[in-house]
Amino acid sequence: MLKDQALYELHHCHPAKAPCGFCEAILSQSCTYPGGTPGGMAGGMPGGMPGGMPAGGLGGLEGLLGGLGGAGGLGALWDNPMVTNIAFHPSKAEPAHLGATSGPVRDGTFDVSGGDKVSYRFYVPPGGADVKVVVYFFHGNAEVCTAMDDIAEMLHCHGAALLSIDYRGYAWGTGQPSLTKLCGDADQCFLASDRLLEAAGCGAAKRVAFGRSIGATCAVHLAARHAKKIHGLVVDSGLMSIKQLPTVQMLAPMVFASNPQAFQMLEEPFDTLGKLSAISCPSLVMHGDKDEIVPYAQATQCHEKLATQQKKLQCWAGAMHNNVWAAYGEQWKQEVKTLLDQAAEFTNPFPAGVLVEAHSLSTPTFNGMQGRVIGPQGERIRVSFPDPHGEKALKPGNLKVIDEVPEASVHDFPLDAQVEAHSLSVAALNGQIGRVIGTQNDRVRVEFPEQGEKALKPANLKLVA
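The numbering used here puts the first residue of the sequence shown at 1349, with every later residue one more than the last.
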């Protein structure tokens, strides 16, 4: 495969989109591997695209990606403008029902960090139908929140409302889309949606996180981080790992030619696969086995790592990334309906993040000890206890919930958010206001006006409005 063709495929997840200015610029500087490709496309793209190496070789590409050792380290690569232009293809749309508080379609925005806004469209079943489930839908990189009429109609038939949420810069939202802000924005939109659902009379409905393609990163994040409130998960042709995408695997040796080890050191911007162990709710993973954008192997990884016992992997034989609905529309609908029914009946007494206390154990040391739920392990619950006891898998009958509020995590503090430090042993930092500039393992990196950069625990920070 050609470098330029790979960039085009990664950027244009949606087949109906014409090349944008970015892709046209990249396509004008095509190059090939020596001797051509296995498909016989030696010397350039089919149709006369010129081949050969551009002047300066691949150094121009490395230059676009920026200094990998500069501010923010390797992680800053994910917010490089070129990477953002490949990962997202935003389209603008005008709201038809902005500010509506009644009716079947309601448009609005959610506030996210840095003063930006994320647009949404809320589809409510007409006629005052009883809403049993609200589906939070996160779309692919070349779609918008307004393009969900068919899915909304199908969901309405099964007693479900649909909240279709965009990313920054899509539809009537503001700002620029960002890989590193994606999950933090999903958190803020989810929390802000409580008021919207209450106003529509469906605040008590069960909630399902639904993600297609790149939107799966948001859906999985919500199901893991807000386990108490999410009762079902749908991963539809979902992205689990950017680094494992074939196109990224192919480009990496060229982009990191001067430092081959850097790609291995580069952390995923989401850790979606790592979050699956916290998920207890019914989960449906659907994927075409001929997907040319996100390989089917990512679906099998997702299904294997999901901790819930209520899970299904649905393979669409012969389907690619964008033709599942056309090839398997009715079966797709039936699978989603089954998941909605499961979600409506699901309860989770020990969701990930809650504080529990152990009791009635044969090992007296653990009786009365408190820890945080990590997730399920078969019929048991995985709990993280303070050192040196570590993680234990206990029966539900040996646990009781002490506090349902999850412990703060790095995901609660999105990039550019203003935070206030508190309860620190260094008294000079308490009460100081700073800006979030990233994460460092389980800590949040904050830039303070006078004290400079500090890496602090989430428990020592609070968001400032």
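Mixed in with the good hints there might be a few duds.
Distance windows between CB atoms, simulated [said to hold, decoys possible]:
1. Pro1712 / Ala1675: 21 to 29 angstroms
2. Gly1666 / Val1753: 41 to 49 angstroms
3. Arg1791 / Glu1752: 36 to 44 angstroms
4. Val1453 / Lys1805: 37 to 45 angstroms
5. Asp1459 / Thr1695: 42 to 50 angstroms
6. Gly1666 / Ser1708: 39 to 47 angstroms
7. Ala1540 / Gly1451: 14 to 22 angstroms
8. Pro1797 / Gly1677: 25 to 33 angstroms
9. Asn1671 / Asn1778: 40 to 48 angstroms
10. Gln1657 / Pro1601: 39 to 47 angstroms
11. Leu1446 / Ile1781: 31 to 39 angstroms
12. Ser1439 / Glu1798: 28 to 36 angstroms
13. Ala1540 / Gly1677: 27 to 35 angstroms
14. Glu1640 / Ala1448: 36 to 44 angstroms
Here are the simulated SDA-like cross-link-like pairs (lysine to any residue), alpha carbons at most 20 angstroms apart as the crow flies [what the hints assert, rightly or not]:
15. Lys1591 / Lys1576
16. Lys1743 / Gly1779
17. Lys1659 / Phe1611
18. Lys1440 / Ala1424
19. Lys1748 / Gln1766
20. Lys1660 / Phe1611
21. Lys1638 / Lys1660
22. Lys1465 / Pro1443
23. Lys1805 / Arg1791
Derived by calculation from the structure, the hints in this document are not laboratory data. Note that the Cβ used here is the ideal one computed from N, Cα and C, for glycine as well.
List of violated hint numbers, smallest to largest: Failing hints, ascending: 1, 3, 5, 6, 8, 9, 12, 15, 16, 17, 18, 19 and 20.
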